Structures are given as C-alpha cells and as structure tokens.
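Given chain A's structure and the hints, the job is docking chain B onto it.
Sequence lines, in order, name chains A and B.
The opening residue of the first sequence carries number 1 in my numbering; numbering runs sequentially from there.
The opening residue of the second sequence carries number 116 in my numbering; numbering runs sequentially from there.
Hints are not guaranteed to be accurate.
Distance windows between CB atoms, simulated [as the list claims (entries may be wrong)]:
id, chain 1, residue 1, chain 2, residue 2, range
1, A, Arg-95, B, Thr-223, 31 to 37 Å
2, B, Ser-143, A, Ile-56, 17 to 23 Å
3, B, Arg-195, A, His-10, 44 to 50 Å
4, A, Gly-14, B, Gly-155, 49 to 55 Å
5, A, Arg-63, B, Lys-184, 37 to 43 Å
6, A, Pro-8, B, Thr-135, 17 to 23 Å
7, B, Thr-192, A, Met-27, 28 to 34 Å
In silico DSS-like links for lysine-lysine, alpha-carbon gap of 30 Å or less [said to hold, decoys possible]:
id, chain 1, residue 1, chain 2, residue 2
8, A, Lys-22, A, Lys-9
9, A, Lys-18, B, Lys-213
10, A, Lys-18, A, Lys-41
11, B, Lys-184, A, Lys-9
12, A, Lys-36, B, Lys-185
13, B, Lys-171, B, Lys-185
14, B, Lys-171, A, Lys-40
15, B, Lys-185, A, Lys-19
16, A, Lys-53, A, Lys-9
17, A, Lys-38, A, Lys-9
18, A, Lys-19, A, Lys-40
19, A, Lys-41, B, Lys-141
20, A, Lys-53, B, Lys-213
21, B, Lys-213, A, Lys-36
22, A, Lys-40, B, Lys-185
23, B, Lys-141, A, Lys-36
24, A, Lys-41, B, Lys-185
25, B, Lys-213, B, Lys-184
26, A, Lys-53, B, Lys-185
27, B, Lys-213, A, Lys-38
28, A, Lys-41, B, Lys-171
29, A, Lys-19, A, Lys-9
30, B, Lys-171, A, Lys-9
31, A, Lys-40, A, Lys-18
32, A, Lys-38, B, Lys-141
33, B, Lys-171, B, Lys-184
34, B, Lys-185, A, Lys-38
35, A, Lys-40, B, Lys-213
36, A, Lys-19, B, Lys-171
37, A, Lys-22, B, Lys-213
38, A, Lys-53, A, Lys-19
39, A, Lys-38, A, Lys-18
40, A, Lys-9, B, Lys-213
Simulated from the structure, these hints should not be mistaken for laboratory data.
The structure displayed is predicted, hence computed values, not measured ones.
Where is the CB? At the ideal position from N, CA and C, for every residue including glycine.
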Amino acid sequence: DTEVTQTPKHLVMGMTNKKSLKCEQHMGHRAMYWYKQKAKKPPELMFVYSYEKLSINESVPSRFSPECPNSSLLNLHLHALQPEDSALYLCASSRVQASSGNTIYFGEGSWLTVV
Amino acid sequence: SQQGEEDPQALSIQEGENATMNCSYKTSINNLQWYRQNSGRGLVHLILIRSNEREKHSGRLRVTLDTSKKSSSLLITASRAADTASYFCAPSFLGNEKLTFGTGTRLTIIP
Chain A
1 DTEVTQTPKH LVMGMTNKKS LKCEQHMGHR AMYWYKQKAK KPPELMFVYS
51 YEKLSINESV PSRFSPECPN SSLLNLHLHA LQPEDSALYL CASSRVQASS
101 GNTIYFGEGS WLTVV
Chain B
116 SQQGEEDPQA LSIQEGENAT MNCSYKTSIN NLQWYRQNSG RGLVHLILIR
166 SNEREKHSGR LRVTLDTSKK SSSLLITASR AADTASYFCA PSFLGNEKLT
216 FGTGTRLTII P
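One chain only, chain A, in its complex shape (with noise of 0.2 Å):
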C-alpha cells in the first residue's frame, strides 16, 4: 500500500473545464513530485517541489498549474486541456530531492481524459 494518496483515481473532463487533482502524504517528505505518464512509455517528470517551492519545472504548459499549499499537500490544477494531455498523473515525495540517492514513493495516480 502506497502512502501517497491521490485523488480522484479517475477524471473526466472537457477542453474548457477547470478541475483539479491533489495528492497527500504524511511521511514527512519535504520533496513532492509530479509526472505524467503515457500508455506504455516511463513516467516524465512534470514538476519538483523542494521545501514547498518549486523546484524544478520541466517546460510544461501552463495550462498545468502546480501548488504546493504545504509540505503535505500537492496539487496540479488543470485548465483549458487537450485530448492529448489525456494520461495517468502520478504524484510522488521523497524525504528530500531524489538526486542523492532518496527513493521516491509514488501514489496509485489520477487517470485523466480529456474530451
């Protein structure tokens, strides 16, 4: 069982909506993570937060918004999506940023269509 939780497990929205998705976990990790994944490829890394700031953000559209409220709770708001970004959304933390040798613990991931 993951201690990352995320929600909703699944989400179905329209190009013109506004949703979005959260992640949770109590494990006292100062680095939180978000990556999107397609069928059959690996994941690839959306955004780091490090000590509630944005840490890194890998030239994403800003049609996805992060935030990071506090070092509990991340969340990816998502406005004016496309088909294309339909995918799973995996949130993640570690104890701190994952280059030293930190593993990472991945939440089960919010499955996203976009219609």
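Chain B in isolation, oriented as in the chain A frame:
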C-alpha cells in the same frame, strides 16, 4: 538526453525461470534505482545501488552495476506470476537534481 535505456523492451518467460533486464546510460551517475509498475498503478521502489557498489541483493532480486560499461542489470530469480509488471531503471546523474526513468522492460510471466 540523460535517461536510461532498457533492454529488452519486452520479455516473456515461464514461471520459475529467471528474468534478466538491462539498463544502459551515457554519463556518470551517483546511484541507480530500479522500480516496478503493475499495469496502470503507481511505481514501487525495488532497490538502489550506489556508484561505488557492484552488486546488491534483495530477496529474489539481484542488481549489478558496471560503471565502466555504464550499465546495470536486474535479475529476478524463480519468477512468479505476480512478477508480471513493467520494470524501470532510474539513474541519478551527477550534477542533475532530477530523477528520470528509463524506457522500461515489460515482463510477462507465463504460469
């Protein structure tokens, strides 16, 4: 780009056999991790090997690292149907704060 490349892309074996998958990379690393992903689920950390280590074991898993060849392998012994999943390597490159995942190997264990 800094990413691991895995080989083979897909592997099917009989239950009880051993499965080996390989990861190659191009620049120096701090460490390398392996993760498993069951279909449509989150990733689960399996094992981490540091750049000064050559081999590591965890249960039925054995990971090797050859920094001179810039490659790592994951061996799963006595495979079980529950091992059916995608396996990703994740090299942590020197000077790079990001953790990116290799292309993945889809492993199917045939009962």
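Okay, the hints, checked on the actual structure:
no.: 1; hint: A:Arg-95 <-> B:Thr-223: 31 to 37 Å; verdict: 34 Å, holds
no.: 2; hint: B:Ser-143 <-> A:Ile-56: 17 to 23 Å; verdict: 20 Å, holds
no.: 3; hint: B:Arg-195 <-> A:His-10: 44 to 50 Å; verdict: 29 Å, violated
no.: 4; hint: A:Gly-14 <-> B:Gly-155: 49 to 55 Å; verdict: 23 Å, violated
no.: 5; hint: A:Arg-63 <-> B:Lys-184: 37 to 43 Å; verdict: 42 Å, holds
no.: 6; hint: A:Pro-8 <-> B:Thr-135: 17 to 23 Å; verdict: 38 Å, violated
no.: 7; hint: B:Thr-192 <-> A:Met-27: 28 to 34 Å; verdict: 31 Å, holds
no.: 8; hint: A:Lys-22 <-> A:Lys-9; verdict: 10 Å, holds
no.: 9; hint: A:Lys-18 <-> B:Lys-213; verdict: 29 Å, holds
no.: 10; hint: A:Lys-18 <-> A:Lys-41; verdict: 26 Å, holds
no.: 11; hint: B:Lys-184 <-> A:Lys-9; verdict: 41 Å, violated
no.: 12; hint: A:Lys-36 <-> B:Lys-185; verdict: 27 Å, holds
no.: 13; hint: B:Lys-171 <-> B:Lys-185; verdict: 16 Å, holds
no.: 14; hint: B:Lys-171 <-> A:Lys-40; verdict: 28 Å, holds
no.: 15; hint: B:Lys-185 <-> A:Lys-19; verdict: 43 Å, violated
no.: 16; hint: A:Lys-53 <-> A:Lys-9; verdict: 26 Å, holds
no.: 17; hint: A:Lys-38 <-> A:Lys-9; verdict: 16 Å, holds
no.: 18; hint: A:Lys-19 <-> A:Lys-40; verdict: 25 Å, holds
no.: 19; hint: A:Lys-41 <-> B:Lys-141; verdict: 20 Å, holds
no.: 20; hint: A:Lys-53 <-> B:Lys-213; verdict: 15 Å, holds
no.: 21; hint: B:Lys-213 <-> A:Lys-36; verdict: 15 Å, holds
no.: 22; hint: A:Lys-40 <-> B:Lys-185; verdict: 25 Å, holds
no.: 23; hint: B:Lys-141 <-> A:Lys-36; verdict: 24 Å, holds
no.: 24; hint: A:Lys-41 <-> B:Lys-185; verdict: 22 Å, holds
no.: 25; hint: B:Lys-213 <-> B:Lys-184; verdict: 22 Å, holds
no.: 26; hint: A:Lys-53 <-> B:Lys-185; verdict: 33 Å, violated
no.: 27; hint: B:Lys-213 <-> A:Lys-38; verdict: 19 Å, holds
no.: 28; hint: A:Lys-41 <-> B:Lys-171; verdict: 27 Å, holds
no.: 29; hint: A:Lys-19 <-> A:Lys-9; verdict: 13 Å, holds
no.: 30; hint: B:Lys-171 <-> A:Lys-9; verdict: 35 Å, violated
no.: 31; hint: A:Lys-40 <-> A:Lys-18; verdict: 27 Å, holds
no.: 32; hint: A:Lys-38 <-> B:Lys-141; verdict: 24 Å, holds
no.: 33; hint: B:Lys-171 <-> B:Lys-184; verdict: 17 Å, holds
no.: 34; hint: B:Lys-185 <-> A:Lys-38; verdict: 27 Å, holds
no.: 35; hint: A:Lys-40 <-> B:Lys-213; verdict: 21 Å, holds
no.: 36; hint: A:Lys-19 <-> B:Lys-171; verdict: 44 Å, violated
no.: 37; hint: A:Lys-22 <-> B:Lys-213; verdict: 22 Å, holds
no.: 38; hint: A:Lys-53 <-> A:Lys-19; verdict: 22 Å, holds
no.: 39; hint: A:Lys-38 <-> A:Lys-18; verdict: 21 Å, holds
no.: 40; hint: A:Lys-9 <-> B:Lys-213; verdict: 26 Å, holds
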